[in-house]
Each structure stands twice: as C-alpha cells, then as structure tokens.
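Engineer: Please build the complex by placing chain V on the supplied structure of chain X, with the hints as guidance.
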Amino acid sequence: MLDINIAAGDIVQVEGPNGAGKTSLLRILSGLSQPYDGTVYFQNESITQHRETFHQNLLYLGHLPGVKDEMTAQENLEFNLALHGLNSATAEATLAEVNLLGFEDALAAHLSAGQHRRISLARLWQSQAKIWILDEPFTAIDKLGVEKLEQLFLQHADNGGCVILTTHQDLSLPAERVKKLTLAYRFY
Amino acid sequence: MTQVSYRAAFGLIVKRDLMIAFRHRDDIINPLLFFVIVVTLFPLGVGPESTTLSRIAPGIIWVAALLATLLSLDRLFKYDYADGSLEQMLLSPQPIFILVLAKIVAHWLLTGLPLILIAPLLAVLLHLNEHSYGALMLTLLLGTPVLSLLGAIGVALTVGIKKGGVLLSLLVLPLYIPVLIFATSAIDTAAMNLPYNGQLAIIAAIFFASLTLAPFAVSAALKVSTN
Chain X
22 MLDINIAAGD
32 IVQVEGPNGA
42 GKTSLLRILS
52 GLSQPYDGTV
62 YFQNESITQH
72 RETFHQNLLY
82 LGHLPGVKDE
92 MTAQENLEFN
102 LALHGLNSAT
112 AEATLAEVNL
122 LGFEDALAAH
132 LSAGQHRRIS
142 LARLWQSQAK
152 IWILDEPFTA
162 IDKLGVEKLE
172 QLFLQHADNG
182 GCVILTTHQD
192 LSLPAERVKK
202 LTLAYRFY
Chain V
312 MTQVSYRAAF
322 GLIVKRDLMI
332 AFRHRDDIIN
342 PLLFFVIVVT
352 LFPLGVGPES
362 TTLSRIAPGI
372 IWVAALLATL
382 LSLDRLFKYD
392 YADGSLEQML
402 LSPQPIFILV
412 LAKIVAHWLL
422 TGLPLILIAP
432 LLAVLLHLNE
442 HSYGALMLTL
452 LLGTPVLSLL
462 GAIGVALTVG
472 IKKGGVLLSL
482 LVLPLYIPVL
492 IFATSAIDTA
502 AMNLPYNGQL
512 AIIAAIFFAS
522 LTLAPFAVSA
532 ALKVSTN
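Here the protein sequences line up with chains X and V, keeping their order. Just so you know, we're using the numbering used here here: the first sequence kicks off at 22 and counts up by one. Just so you know, we're using the numbering used here here: the second sequence kicks off at 312 and counts up by one.
A couple of the hints might just be wrong.
Unchecked claim - Counterexamples of contact, computed for chain V against chain X with all Cβ distances above 10 Å:
1. ALA319
2. LEU323
3. MET330
4. LEU344
5. VAL349
6. THR351
7. GLY356
8. ILE427
9. LEU428
10. HIS438
11. GLU441
12. LEU478
As the list claims (entries may be wrong) - So the derived label-pair ranges between C-beta atoms look like this:
13. V:VAL357 x X:ALA134: 45 to 55 Å
14. V:ALA319 x X:HIS84: 45 to 55 Å
15. V:GLY445 x X:GLU66: 50 to 60 Å
16. V:MET330 x X:GLY40: 57 to 67 Å
17. V:LEU424 x X:THR74: 35 to 45 Å
18. X:PRO56 x V:LEU329: 49 to 59 Å
19. V:PRO406 x X:ALA161: 27 to 37 Å
20. V:LEU486 x X:GLY40: 31 to 41 Å
21. X:SER193 x V:LEU524: 48 to 58 Å
22. V:PRO489 x X:THR203: 49 to 59 Å
23. X:GLY181 x V:ALA319: 20 to 30 Å
In case anyone wonders, no lab produced these hints; they're calculated from the structure. Glycine included, every Cβ here is placed at the ideal spot set by N, Cα and C.
Just chain V, with the same shape it has in the complex:
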C-alpha cells in the first residue's frame, strides 16, 4: 500500500475545501457582506462625526471581524459531519492533525483573507487614523488565523449537536477576547504614532501557540463528537 505524504494529504484537503466553497459561493460572500453591513451600520447609528468614528473604528472593525468569522465557522465541519465525509477523514491513515490543519487553513483562506483585503476600505469609511492602517493590517493578518484556529475547537465540540449555533458563540467568543484587546490596543497605539511591537508580539505568540496546539484540541474534540 502506498503511503500518502503528509504534504500531499494536506494539499488534497485544502484543494477539496476550496473547490467546494467556490461551487457554493454564498458561503464565502455571506460572512463578507455581513462584515461590510455591520461596519456601515455604526456611522448610521452614532452619527458621522469623524472624531467619534475614528476613536471607535478599531473596535468596530475587530468586533465585526469576530462576528463574521463566527458566522462562517459552521461551514468548517458541519456539512462534512452531516454527509459522513468527516468520519471517512478520521479513518484515513494520515494523522488527524494534518487533516484538521488543512481544513482550518482552507477556512482562513476563504474568510480571514477576504476580511483582510476589504478591511482598509471600511477603515476609510470610519475615518481611521492614517497612522493606524499598518497596524490594522498586521493585527488582522496575525489575528484572523487565531480566530479560525480557536473557532475550530468550538465547532469541533458542537458539531454533533443539532442546534449548536448559540452554544458555539458562547464557547468561542470569550476565547477571542485576548486577540481583540491586543489588536485594538495596537491600532490605538499606532494612531498616537507610538511603537506597537509589544502588542503585535503578543498576538503573534497567541497565533503560534494556537497554530501548534489548536489542531490537537480539534482532533480530540472531533473524536468525542463522532463517538
């Protein structure tokens, strides 16, 4: 029996998930539209004064990004669980770590990356301080993978539950708090033209910790959920 290399298995699953998403485009577009709409609601609600808006812009963008990610998390394992392909994946001869990581990477490419691309446009809408754009992009680049990784743990735990949506948000949102705090703090610091390396380093540390540990937690949670 020929062994599939870990890289080949990883590539296979990323490719498959991207293909499925591109044939089912509303799954990509809906969270993105949600992100845009939530952000545009704030100027309508609090008024268009540029001082207020630029003060709250980092928080709005980041909270909207959290919620948009949360909305898209369902797609990660739910359909695979419902049609039995998750079972088959768990039974494949590769380590589950690789398969789970591949699914999370595909999820980030489909939700995190579009959010990063569209965020600067929305930041213009909110009069974000001109010094903050670099910080916004960097925190999103390091932070959105954390959202996908930590979210995956929540999804894996709730995938077997029929109406796990609310439970999922209760489980996952508290885990997002550290990223939110340090990301918005970095953007605020950048607005004052001060160095924000410290906050970035902490987000990077959270990123690497969750990159190496979250797939193990997800594998264990999936085993429990399919048991």
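Just chain X, with the same shape it has in the complex:
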C-alpha cells in the first residue's frame, strides 16, 4: 500500500534495497507501467485519462539514456528538445552545462556511458516540465556533475517544480528539503 501526495517544491528521494520496487514505482508514476491496482493522479485528474497534459508536465529519465549511437551529441539533444516543444537552438549552450562542449559533433557511439547519461540529463537545463522523475540520475556521473545536478534540483523545486528520484548515494542537499520514501520488501 502506498498513498502519497507530492506537492510543488518537493524533492522526494525513493530509497530501498535492490529489488524493492523503486524503478517500478517511478515507471508507474510516469505512466509507463500500469499498476495492478490504484491510480496516479496529476492535478486531481487520472494520468491515463489526461495523458497529454500530464506528459507536457513530465520529464522522466529512466535507466536507459535514450541516446542514439548514430547521431552526434548535439543532434540527440536537439531532437529531444524539439520533440518536447523546446527551443533546439539552445542545444549547444546546454551541452556546455553538462561539460560536453567540444564533444557536440562526436557521434554518441564514440562517447562513454557517463557522457551518454550527460546528454540525456542535459534536457533538465531546458525543461519547463514541473515534474521530474529521475531513475538513478547520478549513475556514471562524476562528483562535480552530481553537485551541479543537486543544485539544479534545488533550483527547480524553488521554482515550483518537484523532483522524484532514486539514488543509492546520499544527497548533499539540506535535509529539510529532501523527503525520503523508503520502500521495503514484502513477502507473501
């Protein structure tokens, strides 16, 4: 049983041992998976019935970065921005935010796992979505990058957004800002 309300300004860290259902929960919250039972509401409306409004306000980044090997870093980001109605001309400047300046014309196939992750995370800097659902966003990201992302989360929450993320690392954000949701195994 899980009954939570997440409001604007919240940063929710979903915790729990491997296999407790963190990813499943995030996929259900984003509408990718259907729950066996229960409903997810956004602004008091079921997300399955108001799919488009919900998806306009949602940014979900899963385990897989969704980066195409055949395209360059910049083309990948431009496509992602354009598909979500954001200005794709900002792609180059955004890549600088995630320390990928100089790699924008490199094919993604030639970049590392961390750099793939950075390409997909770059969208966060441009996103106008209120809800960020991030599954292990810090995987393969270096310390400096993690710090920068945490500041971005804080800024997003201050601007009236909310962040729901899973991570096994401790966040270095002020403890009063981060709500923790701990999932446990349940045996039947």
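Structural biologist: Using the frame of chain X, we list chain V on its own:
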C-alpha cells in the same frame, strides 16, 4: 510550454529515422540485396525456360518482397527499445498515433520504396509478361505500405522479447496472405490483358484500413511491451 504541432512531430521523427538509417547503411542495403538474391535463385533452381519463369514470376517477386520486408522489420522499434528512446517517445506529449505512423512511414521509405524501384529490373530477369509491369508496380505501390503497417504490429508485440525473430515471422506472415493473393492475382490477370481494377481496389481497401487502424494497434502493443 509551447506545443509541437502534429506535423512538426511527424516530420521530426521521419527525419531522425532517415538520418539514422543513412548513417547505418547496411540496414537499408541488406534487405534489398536479400530481395535480389532470392529472386535470382529461382531461375537457377527451376531452370531458365521463359514460360515457366513468366508463369511464376509474380509469386516469386511478391514472396521475396514479403520476406525482405520481414527481414527489415526488426529495425523499426528494436534499437529504440534497447537504448531507451522508445520510452522517451511514448512519454512525449504528442499522441502515440503520430509518432508510430512517422516511424512506419520512415520504414516504408527505406525498404518499400527501394523494393518498388528495383522490382521491374528483376521482373525482366524472370521474363514477366510485358502487360504485367503496370500491375506489378501498382500492386507493389499499394501493397508494400501494408506490409510495413501490419509488420509494425508484430514488431510492437515482440519488441520486449529477447529472441522474437521467429515469433515475429509466425505472427506477421499469415497477415500478409490477403495482400499476396490479390497482388499476384492482379498481375496474372494483367498478363491475360484483362482488367485488374477489382484486385487493385481490394488492395487499396486493405491499405487504407491498415493505414488508419494499424497505428492504434501498434500504440497499444508498444504500451504492453514496455509495461
């Protein structure tokens, strides 16, 4: 938040898929080579008598086209599924119908269209009756989009399965039977210099039915596969 028009989203995805395919050219060339090789095997197997060959030419070309399309179907969603971009597409604020249709159109431009262009050359190789060329081109033009549309349903259903290749062919090939029957019948009728409008009309009906309905089925199947 600015809304992306449906047309812009459609164009974006077609453009992206074409760009990826042109950077990964074996995906376009392999099914085409397969088509050529299968068709050239038949004269070697059954002998070069022009009467036998021209009798079986429509069937050979169409069956080879079915198999070549089947071979290329994997590309439609598999890589997008594997690297997570399919998930992102399903979460984009556009209707999935538009995105799916764009991917299918790109697939047809990359496989169906080259098949149509190369088919008359292979028909010469098989001594196809001279009256049949028009029918061959028209049936391919109406029929190959159906192959892409119906195939997409099969791919969407099997995309989550690790070794879905055989299952895909078992699912999809039976669905191709009506197109095959009416297409070869149209070509045969044309060889006898008779009107083949009836067969063409049926293929066109199948085309429009699958054009309007298949993307819904594909969207639903993708949701199930990524669930």
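Engineer: Which hint numbers doesn't this structure obey?
Structural biologist: 1, 2, 3, 14, 16, 18
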